[in-house]
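Build the complex from these two chains, which are given one at a time in their own frames, with help from the hints.
Heads up: the sequence lines are chains A and B, in that order.
Each residue of the first sequence is one higher than the last, beginning at 1 in my numbering.
Each residue of the second sequence is one higher than the last, beginning at 1 in my numbering.
Some hints could be false.
For lysine to aspartate or glutamate, the following EDC-like pairs were computed, each having C-alpha atoms within a straight-line distance of at most 20 Å [unchecked claim]:
(1) B/Lys19 / B/Asp85
(2) B/Lys9 / B/Asp85
(3) B/Lys44 / B/Glu82
(4) B/Lys41 / A/Asp82
(5) B/Lys71 / B/Glu24
(6) B/Lys19 / B/Asp38
(7) B/Lys102 / A/Glu58
(8) B/Lys22 / B/Asp70
(9) B/Lys102 / B/Asp30
(10) A/Lys3 / B/Glu53
(11) B/Lys44 / B/Asp70
(12) A/Lys3 / B/Asp38
(13) B/Lys41 / A/Asp11
(14) B/Lys52 / B/Asp85
(15) B/Lys22 / B/Asp85
Rather than coming from a laboratory, the hints here were simulated on the basis of the structure.
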Amino acid sequence: LAKTTQPISMDSYEGQEVNITCSHNNIATNDYITWYQQFPSQGPRFIIQGYKTKVTNEVASLFIPADRKSSTLSLPRVSLSDTAVYYCLVGEPLNAGNNRKLIWGLGTSLAVNP
Amino acid sequence: DTAVSQTPKYLVTQMGNDKSIKCEQNLGHDTMYWYKQDSKKFLKIMFSYNNKELIINETVPNRFSPKSPDKAHLNLHINSLELGDSAVYFCASSLLPGGGEKLFFGSGTQLSVL
Chain A
1 LAKTTQPISM DSYEGQEVNI TCSHNNIATN DYITWYQQFP SQGPRFIIQG YKTKVTNEVA
61 SLFIPADRKS STLSLPRVSL SDTAVYYCLV GEPLNAGNNR KLIWGLGTSL AVNP
Chain B
1 DTAVSQTPKY LVTQMGNDKS IKCEQNLGHD TMYWYKQDSK KFLKIMFSYN NKELIINETV
61 PNRFSPKSPD KAHLNLHINS LELGDSAVYF CASSLLPGGG EKLFFGSGTQ LSVL
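Extracted from the complex, chain B is given alone in its bound form (with noise of 0.2 Å):
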């Protein structure tokens, strides 16, 4: 069983379009994120949720909606999308919030805006 699990693992779309990604963890834990990395690698944490309430809220276009069903799943909904959104997006979690804990991710998913 796969720990994170995030769908779909590609979205191809056009500019303007809104898309979702969908994540959901089995670990039991209480945190998830979403995260951003761009063409150079870089990671950028966008949003976390501990136990369904927000408590990351990085500057982020609003375009990007984040939301928490339950304590497993946290979606990520993208509306108007442009062409800088194209990324890779991770999903992640963690048995608690905090910078020391151990953090566990999905497989990403490729999102590419044409």
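Chain A on its own, in the form it takes in the complex (with noise of 0.2 Å):
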């Protein structure tokens, strides 16, 4: 199975870089490793998505070394509104084509203060 881990809580200050990471050491050769972000009351908001080396948006970056046994969530400048919990999935292949099923663990509960 494609399990992920990442810290349960982390806090930071406004304006800071905040870097979450994730581990997954059975991720697959095929898979993407992918973030959401969600909101208390709100479904789960896609961020990222990553396959190796950096991806970047206007929201984040996503380190991915060479090993693909882990990836970095990178939150520029963080603002109070970034106060969330975030996901880091991988795919998990399901029988054969592109059936998969996605394994959501407990997130990393983010709190920004002022």
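Below you can see the structure in the form of structure tokens.
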């Protein structure tokens, strides 16, 4: 099973850069790494996805080392509104073809303080 | 326009009752999902449909029955509700099935069984 491990919680202050690391030792060759953000009383929201090296979008950066056994989500200059739970996921192959189910961990609860 | 909408947002009911939650997506996606998030915030997939065909059916009591009348709708009917069914249920969709696909979630239905 492609299980992920993340810190349960993190604290930060406004304006700081936050890095959340996820380990996924059993990631499969064709799996992508995807991060979601969830605010209270809302559904998770896609943040970023990558396969290897580095990916950057308007919200975050994702760093993936060559062995792909871990990944780091980097949030530049966080604000209070970035307080949320962040989930790291890798796909798990199901039978054959493209039918895969994602295994969700408990995520990392990030608290951004003033 | 809300991409993935589910109704109702809140559902309070007595043990033993039967209830339904409806979900609709206007993204033109082929794949839809039902997830359950318990009080510990653990998010677990229940069902997945691709083009109206069931492709993922996790170990869920058969009191839970999904129905997909067309690609844009996936409803969840629950018979004989139990206390342990209390949770937040999220509907989601993706363009195609696959662990690497970007998921779009609804805002959730908070089910409370008394």
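Check your understanding: Taking 20 Å as the top limit, are the C-alpha atoms of B/Lys22 and B/Asp85 close enough?
Key -> Since the Cα atoms of B/Lys22 and B/Asp85 sit roughly 17 Å apart, the hinted pair holds (cutoff 20 Å).
Distance restraint between B/Lys41 and A/Asp11, which requires alpha-carbon spacing of 20 Å or less = Given that 20 Å is the threshold and the Cα spacing comes to 19 Å, the pair holds.
Quiz item: Is B/Lys71 close enough to B/Glu24, meaning Cα to Cα at most 20 Å?
Solution: holds (9 Å)
Check your understanding: Does the alpha-carbon distance linking B/Lys52 and B/Asp85 stay inside the 20 Å limit?
Key -> It is violated: about 25 Å lies between the C-alpha atoms, which goes past 20 Å.
When you check the alpha-carbon spacing of A/Lys3 and B/Glu53, does it fall within 20 Å? violated (27 Å)
>> Run the distance test for B/Lys102 versus A/Glu58: straight-line Cα separation, threshold 20 Å.
In response: holds (17 Å)
Tell me if the straight-line CA distance from B/Lys9 to B/Asp85 falls inside 20 Å.
holds (16 Å)
Notebook entry, point to check: Within a Cα-Cα threshold of 20 Å, do B/Lys102 and B/Asp30 meet the stated pairing?
Noted result: At roughly 12 Å apart (the allowed maximum being 20 Å), B/Asp30 and B/Lys102 satisfy the hint.
* To do: Starting from B/Lys22, check that the Cα of B/Asp70 is at most 20 Å away, please.
  => Cα-Cα ~13 Å, so holds.
Does B/Glu82 lie within 20 Å of B/Lys44 when you go C-alpha to C-alpha?
The hint holds at about 18 Å.
With the threshold set at 20 Å, check whether the alpha-carbon distance from A/Lys3 to B/Asp38 stays at or below it. holds (19 Å)
Please work out if B/Lys41 and A/Asp82 have their alpha carbons no farther apart than 20 Å.
-> holds (18 Å)
Violated hints, in rising order: 10, 11, 14; the structure is consistent with all others.
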